[in-house]
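Numbering-wise, the sequence shown is residues 143 to 431 according to our numbering.
If you are wondering where the hints come from, they were derived from the structure by calculation, not from laboratory data. As the structure is a computational prediction, the values presented were derived from the model and not from experiment. Beta carbons: idealized from backbone N, C-alpha and C, even for Gly. One thing to keep in mind: the hints can contain errors.
[Stated by the list, open to error] Ranges of calculated distance between the beta carbons of each label pair, as one might list FRET restraints: (1) T323 to G259: 35 to 43 Å; (2) V167 to I365: 20 to 28 Å; (3) D372 to L277: 16 to 24 Å; (4) A427 to I365: 39 to 47 Å; (5) I318 to P174: 43 to 51 Å; (6) F198 to N415: 25 to 33 Å; (7) I184 to K204: 20 to 28 Å; (8) A416 to L187: 13 to 21 Å; (9) I250 to L213: 36 to 44 Å; (10) L159 to Y236: 43 to 51 Å; (11) L277 to L370: 22 to 30 Å; (12) L370 to N415: 24 to 32 Å.
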Amino acid sequence: MKAAGASIQKRQTAQQLGYALVTLVAVITILPILFIMGYIFIRGLPALSWEFISGFPTQGLKAGGILPSILGTVVLTFVTTLIAVPIGIAAAIYLSEYAADNRWTKIIRIAIINLAGIPSVVYGLFGLGAFVIFLRLGVSILAGALTLGIMTLPVIISASEEALRAVPQSFRVVSISLGGTPWQTIRRIVLPQALSGIMTGVVLGLERAAGETAPILFTTAVIYQPNLPDSLLSPTMALPYHLYTVATQVPGMPEAIQYATALVLLVFVLGLNALATFIRARARAHRQW
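When you get a sec, could you build the whole thing from the sequences and use the hints?
Spelled out as structure tokens, the structure:
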């Protein structure tokens with residue numbers, strides 16, 4: 143009895159130590175992030191105003207607003223979504239529901255994982271060669287969105303496939319046994335149940351796309367544009383590249399404008415995250431497992 147009691151106490155002590163270690167690691171990870179966000183908020187808030195958000199840059203970017211950069215980022219993210227999300231989800235459906243589990247599909251999955259780790263500057267150079275030069279799209283919103291779409295596809299495909307595979311197989315069996323076709327089963331049963339996981343992958347991909355500088359540097363972004371873009375074949379200003387420019391390329395740039403630009407970009411990315419979290423929470427509320 144004493145040995146059993148000592149063993150139980152030892153396991154409880156090990157569990158408490160493990161919990162304390164995990165908590166410490168979480169705190170060490172979260173605190174620097176909160177510090178950076180708080181620092182940007184404190185430094186950028188004094189320069190944040192309606193004129194800054196709704197105006198055009200003036201005096202060589204040292205004054206005025208960042209409206210063209212905000213709209214350019216919104217348009218780029220929206221077009222990237224239209225390109226990447228349908229293709230990514232369709233690829234995930236094929237790999238999860240239709241493709242045979244053989245050597246070729248394993249190679250494809252490994253390739254997708256490897257593509258997710260490629261540096262963004264490589265995607266930018268690929269977009270420059272493939273879309274700007276070869277397809278003759280020029281430096282444009284469409285070229286940038288295609289590049290960002292390719293860059294986000296691996297994340298969307300991997301997360302969506304995992305979400306689809308997590309749906310219990312019994313759901314598919316019951317649907318087929320009741321006369322449903324494979325596509326009806328996927329569309330009406332599997333996809334709604336996997337929506338929360340799919341949204342996670344979509345958000346991770348789009349957040350990366352919204353904050354990247356290197357891909358749009360080669361394909362779509364310009365330092366200054368006096369007018370808003372009027373088509374998908376026009377270049378545009380974008381928040382990540384604008385932030386890079388005002389932080390490194392403009393002598394005498396007021397630090398308040400730099401931090402205010404960073405704050406707007408941070409709020410934009412967090413807004414995407416909040417929207418996706420809301421959609422994901424509603425999807426999980428209706429999940430039946």
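Verification of the supplied hints:
no.	hint	verdict
1	T323 to G259: 35 to 43 Å	holds (37 Å)
2	V167 to I365: 20 to 28 Å	violated (41 Å)
3	D372 to L277: 16 to 24 Å	holds (20 Å)
4	A427 to I365: 39 to 47 Å	holds (46 Å)
5	I318 to P174: 43 to 51 Å	holds (50 Å)
6	F198 to N415: 25 to 33 Å	holds (28 Å)
7	I184 to K204: 20 to 28 Å	holds (22 Å)
8	A416 to L187: 13 to 21 Å	holds (19 Å)
9	I250 to L213: 36 to 44 Å	holds (37 Å)
10	L159 to Y236: 43 to 51 Å	holds (45 Å)
11	L277 to L370: 22 to 30 Å	holds (24 Å)
12	L370 to N415: 24 to 32 Å	holds (26 Å)
Of the numbered hints listed earlier, the single one contradicted by the structure is hint 2.
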